[in-house]
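Visitor: Spelled out from the first residue to the last, the chains are:
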Amino acid sequence: MNNELDPRPEDLKQRVWESIQRDELPPSDDRGRMRLVMNNLVLHLHPSKVAKPTLKFTYTWGLGGLALLLVALLAITGVMLMFVYTPTPASAYQDMLNLQTDVWFGQLIRNLHHWSGNLLVIVAFLHMLRVFFTGGFRAPREFNWVLGIGLLLLVVAANFTGYLLPWDQLAYWAVTVGSSLLSYIPLIGEGLRNFLLGGPEVGAATLTNFYGLHVAIIPLTLMGIVSFHIWRVRKDTLTIPHTVDGKVDGSDDGDRIEKVTTLPHLVSRELVFALIMTGAILLWAVWVNAPLEAAANPDHSPNPAKAAWYFMGLQELLLHFHPVFGAIIIPALGLGALALLPYQRFDLSAEGVWFRSRKGRWLALVSVVTALIAVPLLVLLDEYVIDLPGMLPSLPTVISNGWLPLAALLLLLIGYYDGTRRLFKATACEARQGVFVLLVTSFVVLTVIGIAFRGEGMALMLPWEVL
Amino acid sequence: MADTNVSRRDFLKIAWGAAGALALVETGGVVLSFFSPRVVEGEFGGVIDAGAVDSFQPGSVTPFTQGRFYLVRMPDGGFLALYRKCTHLGCAVPWNPAEGKFICPCHASSFEMDGQVINPPAPRPLDRFAVSIVDGMVKVDTGAPIQRDRASADDLVYAEVAS
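Residue numbers (my numbering), protein chains in the order written: chain A, -1 to 465; chain B, 202 to 364.
These aren't lab readings, by the way, just hints derived from the structure by calculation. We put the CB at the ideal spot given by N, CA and C, even for glycine. Take every hint as true, because none was put in to throw you off.
A few chain A residues that don't get close to chain B, going by computed Cβ distances all over 12 Å:
#: 1; residue: Q12
#: 2; residue: K47
#: 3; residue: T84
#: 4; residue: Q92
#: 5; residue: F226
#: 6; residue: D243
#: 7; residue: T425
#: 8; residue: F434
#: 9; residue: T439
Simulated crosslink set (DMTMM-like; lysine to aspartate or glutamate; CA at most 20 Å straight-line):
#: 10; chain 1: B; residue 1: K302; chain 2: A; residue 2: E454
#: 11; chain 1: A; residue 1: K47; chain 2: A; residue 2: D253
#: 12; chain 1: A; residue 1: K50; chain 2: A; residue 2: D247
#: 13; chain 1: B; residue 1: K302; chain 2: A; residue 2: D297
#: 14; chain 1: B; residue 1: K302; chain 2: B; residue 2: D328
#: 15; chain 1: A; residue 1: K47; chain 2: A; residue 2: E256
Please model the entire structure based on the sequences and the hints provided.
Guide: This is the structure:
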């Protein structure tokens, strides 16, 4: 017999509590705070200590955390919506109407889901820009950048599959146009499109397929990769912000990097930001309703029929290039370049500095202005003046409206890179950033033209004539 | 010859690898065929009876909503069934009787009565369905749209003239 006394407390309530929460709450010292972070399921996504300069809000803008918050909001509201929605052509649209009139807070939950989903596309894109402009993709973080590109694509795929579910005119034709972009992939395009749609046209099978992708496959994949992405950030830590003079940003003597405990310094900031953003999204969702048009009618295409807004840049490209180039080659080149970007050689002194350096900042500004002027100009030129297929009728349009203009644009880009290197005496790192800014701004401008400047028959017109 | 000998260990490694790869390919095949499009009998995709030859005037375009095609009777009496899906990005193309052509509302592609492209961005003429005329009745097989590079007189089907 062992007569030694059980050291656990007598009180049953206390014994139950300590079996759930093992560490002292609240912790009395830094060791306790670190142990709490390490032993907590959710908090252990964070390291137990972080570098104080990385807490600066204007360094990260909280974009990664905001994306995670939106994913959580989307999961909660999405699961709620699953209980009041059936994915068949006969009932989908009626369910949307019931959601607005019969279900308590149905419109609010749908609005929250709709606006969070669209905001997530924007936030994920901005998060990517932030990481690029502060050099946060440099070794050892290259692969996490690639994971991030994968997550961005998944977010777009989630949004696109969700786009169809309301089964209104907007949904039906945006998905028709969007999925037709796929059919231009040589050899396998048509098969891929038919596989995805479950037939040659958007129909009942498409709704079933997209529903399965939207509520199961994409969210599960997304959560898996998100966990990997965050785990990598925890292992690799954040890059330390630096000022253009090479000093540590937010440190008194310029070189020393102070470390603070994650609890409360990081966690409290995250909670405050999450609370403010949740409040803002809630307010927006209370005041602005998600759009719902007439029920889907496969016999009648609206004029103009536009793809989902984040595909409008592609659709705009499609108006200027042969479809294989507008829908496949140019986007593939862009995505490929984006994925390979962190494997380029990087100027170490630029790490953690917004826009690399003083010269980098100027060059970025010049690139934005160049794109803001050049892209609308090129669009107008192509619309009203240049008609390459008409001028070169003997050539197939793949060459006259594909290879030729693409080669011309690539030459212009090389010229721009070379020109900025000479003119600004920029380093390769700064000049590459300039080209990146030029291309990103061009994409944004094309998207805006597609959304706001294309009206009936996709003709160019002023925004107040479009709406 | 000694160099080309595969050790027992290597042989097993290769065999395991090959078996694993085969299992992956088979699993992929099962998944792909499980999700492959299912054909619904009886609706769009079957053979549709359009009506008697004489009920279509030469030079007319008759829409068939259920079959998703237009039955065109050219002025010379030839029949042609055109899939209403725009060859550009898949919008439903309406017939514009006033202008005598198909004009797509999405990106302003337009097509002749026989499907020939008048105005891009559409890359090829409207797809057609096979038309057959049996005992004076027009039948259209909507099973497989036929793609073509240019509209041709060979695409037209004529009713046999009673001699």
